[in-house]
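> Below, each chain spelled out in residue letters.
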Amino acid sequence: MSRFEPSRRGFLAGMGALGAGVALGGCATATTPSGGAAQKGGAVTLQSDLSSPLAEKAMKSLVAAYNKQSTYTVKLNTVAATTYQPLLPTYLTSANPPDIYTWYAGSDANHYSARGLLLDVSKVWSSLGNYPTALKTLSTDASGKQIFVPTDYYWWGVFYRKSQFKKWGLSEPTTWAEFLKVCQTIKAKGVIPIGLGAGTGTAWVASAWFDYFDIRINGAEYHRGLLAGQHKFTDPQVVKVFDAWKQVLPYFDPNGTAVSWQEASNQLLQGETGMLLTGTFFADAVPAGSLDDLDFFKFPVLDPSVPDVEEAPTDGLFASSHTGNSAAVMDFMSWMTTPTAQNMWTQTSSGTVIPANPQATSPATPLVQKGKAMLAAAADLTQFFNRDSTDALQNTADTALVDFIQNPGRLDSILSTWQSQAEKVWNS
Amino acid sequence: MAATTPGPNAVPSARPSAMSSAARPAPRRGPGRSLRTAGFHTGAILLSAVWFLPIALILIISLRSTDDVLGHGLNALPHSFHPGNYASAWTGGGMEHALVNSAVIAVPSVALTLLLASMAAFALSRYEIPLRRTLILVMLGGNLLPPQILLVPVAKLSQVFGVYDTLTTLIVVEVGFGLGFYVFVLQGFMRSIPAEIQQAALIDGAGPFQIYWRIVLPLTRPALAALGALAFTWIFNDLLWPITVLITESKMPVTPALLTLQGQFVSYWNVIAAGSVIAAVPTVAVFLRFQRHFISGLNLGAVK
Amino acid sequence: MSVASTQAHPAGAATAGGLGVRGSRGPRRDRRFKPFGPSPLLIAFVVVPLLIESVAVFWPAIQGVYISLTHWNGVNPPTFAGLDNYRRMFDDPVFRKALENTAIWLVLFGTVSAAGGLGCAMFLQRERRGIAVYRAALFLPVVFSLTATALMWQTLYQPRGLANGLLSAIGLGSWQHAWLADPRTALYAQILPALWREIGYVMVLYLAGLKGIDPALHEAAKVDGASAWQQFRNVTLPQLRSVNAVVLSVIVIDSLRSFDVVWSLTQGGPYNSSQLLSTYMYQTAFVNTDFGYGCALAVVIFVLAFGVIVSYLIRAFKETD
Numbered sequence: 000m001s002r003f004e005p006s007r008r009g010f011l012a013g014m015g016a017l018g019a020g021v022a023l024g025g026c027a028t029a030t031t032p033s034g035g036a037a038q039k040g041g042a043v044t045l046q047s048d049l050s051s052p053l054a055e056k057a058m059k060s061l062v063a064a065y066n067k068q069s070t071y072t073v074k075l076n077t078v079a080a081t082t083y084q085p086l087l088p089t090y091l092t093s094a095n096p097p098d099i100y101t102w103y104a105g106s107d108a109n110h111y112s113a114r115g116l117l118l119d120v121s122k123v124w125s126s127l128g129n130y131p132t133a134l135k136t137l138s139t140d141a142s143g144k145q146i147f148v149p150t151d152y153y154w155w156g157v158f159y160r161k162s163q164f165k166k167w168g169l170s171e172p173t174t175w176a177e178f179l180k181v182c183q184t185i186k187a188k189g190v191i192p193i194g195l196g197a198g199t200g201t202a203w204v205a206s207a208w209f210d211y212f213d214i215r216i217n218g219a220e221y222h223r224g225l226l227a228g229q230h231k232f233t234d235p236q237v238v239k240v241f242d243a244w245k246q247v248l249p250y251f252d253p254n255g256t257a258v259s260w261q262e263a264s265n266q267l268l269q270g271e272t273g274m275l276l277t278g279t280f281f282a283d284a285v286p287a288g289s290l291d292d293l294d295f296f297k298f299p300v301l302d303p304s305v306p307d308v309e310e311a312p313t314d315g316l317f318a319s320s321h322t323g324n325s326a327a328v329m330d331f332m333s334w335m336t337t338p339t340a341q342n343m344w345t346q347t348s349s350g351t352v353i354p355a356n357p358q359a360t361s362p363a364t365p366l367v368q369k370g371k372a373m374l375a376a377a378a379d380l381t382q383f384f385n386r387d388s389t390d391a392l393q394n395t396a397d398t399a400l401v402d403f404i405q406n407p408g409r410l411d412s413i414l415s416t417w418q419s420q421a422e423k424v425w426n427s
Numbered sequence: 000m001a002a003t004t005p006g007p008n009a010v011p012s013a014r015p016s017a018m019s020s021a022a023r024p025a026p027r028r029g030p031g032r033s034l035r036t037a038g039f040h041t042g043a044i045l046l047s048a049v050w051f052l053p054i055a056l057i058l059i060i061s062l063r064s065t066d067d068v069l070g071h072g073l074n075a076l077p078h079s080f081h082p083g084n085y086a087s088a089w090t091g092g093g094m095e096h097a098l099v100n101s102a103v104i105a106v107p108s109v110a111l112t113l114l115l116a117s118m119a120a121f122a123l124s125r126y127e128i129p130l131r132r133t134l135i136l137v138m139l140g141g142n143l144l145p146p147q148i149l150l151v152p153v154a155k156l157s158q159v160f161g162v163y164d165t166l167t168t169l170i171v172v173e174v175g176f177g178l179g180f181y182v183f184v185l186q187g188f189m190r191s192i193p194a195e196i197q198q199a200a201l202i203d204g205a206g207p208f209q210i211y212w213r214i215v216l217p218l219t220r221p222a223l224a225a226l227g228a229l230a231f232t233w234i235f236n237d238l239l240w241p242i243t244v245l246i247t248e249s250k251m252p253v254t255p256a257l258l259t260l261q262g263q264f265v266s267y268w269n270v271i272a273a274g275s276v277i278a279a280v281p282t283v284a285v286f287l288r289f290q291r292h293f294i295s296g297l298n299l300g301a302v303k
Numbered sequence: 000m001s002v003a004s005t006q007a008h009p010a011g012a013a014t015a016g017g018l019g020v021r022g023s024r025g026p027r028r029d030r031r032f033k034p035f036g037p038s039p040l041l042i043a044f045v046v047v048p049l050l051i052e053s054v055a056v057f058w059p060a061i062q063g064v065y066i067s068l069t070h071w072n073g074v075n076p077p078t079f080a081g082l083d084n085y086r087r088m089f090d091d092p093v094f095r096k097a098l099e100n101t102a103i104w105l106v107l108f109g110t111v112s113a114a115g116g117l118g119c120a121m122f123l124q125r126e127r128r129g130i131a132v133y134r135a136a137l138f139l140p141v142v143f144s145l146t147a148t149a150l151m152w153q154t155l156y157q158p159r160g161l162a163n164g165l166l167s168a169i170g171l172g173s174w175q176h177a178w179l180a181d182p183r184t185a186l187y188a189q190i191l192p193a194l195w196r197e198i199g200y201v202m203v204l205y206l207a208g209l210k211g212i213d214p215a216l217h218e219a220a221k222v223d224g225a226s227a228w229q230q231f232r233n234v235t236l237p238q239l240r241s242v243n244a245v246v247l248s249v250i251v252i253d254s255l256r257s258f259d260v261v262w263s264l265t266q267g268g269p270y271n272s273s274q275l276l277s278t279y280m281y282q283t284a285f286v287n288t289d290f291g292y293g294c295a296l297a298v299v300i301f302v303l304a305f306g307v308i309v310s311y312l313i314r315a316f317k318e319t320d
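Residue numbers (numbering that gives the first Met the number 0), protein chains in the order written: chain A, 0 to 427; chain B, 0 to 303; chain C, 0 to 320.
Take the hints with a grain of salt, since some may be wrong.
[Stated by the list, open to error] DSSO-like cross-link-like pairs, simulated, lysine-lysine; straight-line CA separation at most 27 Å: (1) 186(A) to 166(A); (2) 297(A) to 165(A); (3) 231(A) to 245(A); (4) 96(C) to 231(A); (5) 96(C) to 423(A).
[What the hints assert, rightly or not] Non-contacting residues of chain C with respect to chain A, defined by C-beta distances greater than 10 Å in every case (computed): (6) 85; (7) 86; (8) 105; (9) 136; (10) 172; (11) 173; (12) 212; (13) 214; (14) 219; (15) 233; (16) 303.
[To be verified] Computed beta-carbon distance windows for the label pairs: (17) 183(A) to 166(C): 24 to 32 Å; (18) 76(C) to 90(B): 41 to 49 Å; (19) 221(C) to 38(B): 16 to 24 Å.
If you're looking for bench data, these hints aren't it; they were derived computationally from the structure.
From a predicted model like this one, the values you see are computed outputs, not experimental measurements.
Note that CB positions come from ideal geometry on N, CA and C, so glycine has one too.
Given only the sequences and the hints, what does the whole structure look like? Please build it.
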């Protein structure tokens, strides 16, 4: 060992040489952002996760239209959705963050706001008198200021191909029993009844099933309480959710946890699966024109005594509180709430979303009209698992739900692990 | 980090390529030799085919149309010829822009690395520098640190200094992180240059700079070429540092851009395949062009 | 002895080939140049690179260790936490899984790529017609980025991709699998592309090593009536000892850097079954913005890597003395 002595001494000497580095100052944990308050003139960055080919194109033309009529310039920076979500905290906490972000309302935004990361956009809201109160509530953080500007919302439903259902002699089920019968029929035809796209990167779509079972069986209030940590994932109510799920699990695509939702959407269109519980965002990722044969039905009713609640995720914009040009940020956000902008959006994208501004015109397609009517008739609206809780809790759900789909027999241990992981999130 | 850093046991030697086929003739064998040769070639062809199979399949998929892949499956024989996937990846997937970024990052990084490393190696190998062994060890030690321990501080420090999300920062990090290994290899190589050459120059009145620039550096060219080819592929292929110090998508080099493309064209396996091919072409080109240097570069750390 | 003199040790077939200089073959021990003392220029030559490395590597590394002793979400100032983050590892099942997976990766990836690389090198050792093509085929993947490699294999692993296609073609249809989605196979399915890329690299290292063995040794063994296995066991292997050491450190370093593959394919999923320390560290720090715990995980990786390397260095010193 003594022979190694010189290099140990050497190591210490090397540490001394580091004095040079230390002299530079700089400590990674310094929290004051760099000086020179990022003067960008009239330009701001819009960080967008709308990366599906159609949506990206629509966003590009939208930003171009804004830049044409404004003295400010918006620079669009599109990031793949799968990269965007994990990087959002990094964006927001960096010293020189992008200005505006496409994201969604809900407690996740509140969470960022509580940490002082989001810009107060109450000013934008002062001119949004015609927006529904529900949207305003959704955009308000715990301290009572608005931090979010909704641009559109969409719905979830069980999508299917009209031609296929006709061929199989099926009609839309409304009750659980009818739904199970539809599954049996499709399976008898040699087709996988239920598609799923909960593979790597898009495991979160499995939460739609959890959400719907929970709001159909236990109601919206219990669901929100559960996500907020007031109930436990080991509760008998939650076990009931999974008992119902187990009944349809045999009809699920066995590769459902291996493929992305994009792939699952294409499998539905190819006729490889019969039905797919999905939000309308899938339309941005499938070949244009393939929507004509598609229709959807409301998630079946499991307990008639529970009022119908639907998932209606609201999308929109928020901004960084460290922006160097809040005037430009607010100007762009205000413009995005105008009927002009929202009409342009629904017309250039796949056109399966409903504009947030009641004065904007929703696409006249039967699909959108049906979706809009379903939401209007709903007793209450939820957002989605992560939007009603946090992205951190979503991670625990992804783990638990994918595990459940693959190993339904291990439910008990899955739920207790989920509970303990969730507690870490709630307590952090 | 994709960089494969040969171990610390480096011996300076720029041997001719281990891959070059021009070498000693095979010894004569008895009868059965041709049979054995046939057996060898069958085995070798099979092995090479197995190795090449994934590449061949990716090339084929990258040329099939989306309808073809969706309709006939990934494994079907191509029913279409659709080079348009490359256009999708090139412009739609942003590979064009990313390749430019990669060049802007990799070329100065490699040049700077070699310059700085050769300077330090020159001083440390040709002169009595106090603590020279310690210095070499410390610099090499820095290179052997797993990058994970640096990620958070580098990201945060560059934010504190206001240089976060700039290509310059990425270049400095790539240079700084690689330096130790290059110094180590180069100083070993330079030590094998005979003292007489340096003494002769000294008598002619040359200063250290002239000796470095005019004598030692030209003699070190084989090692520099080998390290340069290696460093280029390492920096070009790197994923971890770009995603740590950059956030603006339009600044991302090829490797992280490939992940973005994957997220953008989810389940469009043909476009993803085309993107992977595009990302691999520059390093394959460097490899083919500098094959000899490249292999000897890898062996800088190995040959005894 | 220091590393510097270790590597100047004129063992085996060391040549400064590119220079046409054979100076290192002789028994002369010290080839340093005493007459030249350091000048300011020379000091700058050393100090400038050292400074850059300090700014980019050493200073951040020290900061990393410091951050690992704090709770820090990146926004509020960090609070000193002592060893809290390290204690937390003991009842963190994901950490245990990641540690276990890292060990599995290290062992499997290490042994298979060393054995495979040596096997390929022995097989393709003799210079003959076409040999360059075979070697190039095996070596080609080495120049791909791990990310490109991973994406290529991701396509092959799709439920209806090549892997399952081949299985059903050879009558093993029941073995078909969602390779990356099944927690039982996800980790191993990701080691495979890494191996595909590493074996060619190790092969090249061994090829050079085999070339350095004096043919006379084999001839002598043959004269003594040694079988092929005995020759391998008693001549080839001992002669490759120094290459083995290099291969070992290359493999250790590469497997600790296997982040790229897993981050590109499963990001540690499904449900953390393929989590490695490196991916878990990145996720903890940059996705969950738990920088304190993330840095503590990084320190663990550092200790592991350093442990392997230092134990190797100590061995190397002992051998050369």
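> If a hint holds in the structure, say so; if it does not, say that too.
Going through the hints against the structure:
1. 186(A) to 166(A): Answer holds: residue 186(A) to residue 166(A) is near 14 Å, not above 27 Å.
2. 297(A) to 165(A): 18 Å, holds
3. 231(A) to 245(A): Satisfied, since the Cα-Cα distance of roughly 20 Å is no more than 27 Å.
4. 96(C) to 231(A): 25 Å, holds
5. 96(C) to 423(A): Distance of about 18 Å is within 27 Å: holds.
6. 85: Since the minimum Cβ distance to chain A is about 17 Å, residue 85(C) lies beyond 10 Å and the statement holds.
7. 86: 15 Å, holds
8. 105: Per Cβ check, residue 105(C) is outside 10 Å of chain A; nearest 23 Å; holds.
9. 136: 30 Å, holds
10. 172: 14 Å, holds
11. 173: Per Cβ check, residue 173(C) is outside 10 Å of chain A; nearest 13 Å; holds.
12. 212: Non-interface label stands for residue 212(C): nearest chain A Cβ at 29 Å, farther than 10 Å.
13. 214: 35 Å, holds
14. 219: With a cut-off of 10 Å, residue 219(C) remains clear of chain A, as the shortest Cβ separation is near 34 Å.
15. 233: Holds: least Cβ distance 30 Å, greater than 10 Å.
16. 303: 18 Å, holds
17. 183(A) to 166(C): 24 to 32 Å: Since residue 183(A) and residue 166(C) have Cβ atoms about 30 Å apart, the given range 24 to 32 Å holds.
18. 76(C) to 90(B): 41 to 49 Å: 45 Å, holds
19. 221(C) to 38(B): 16 to 24 Å: 21 Å, holds
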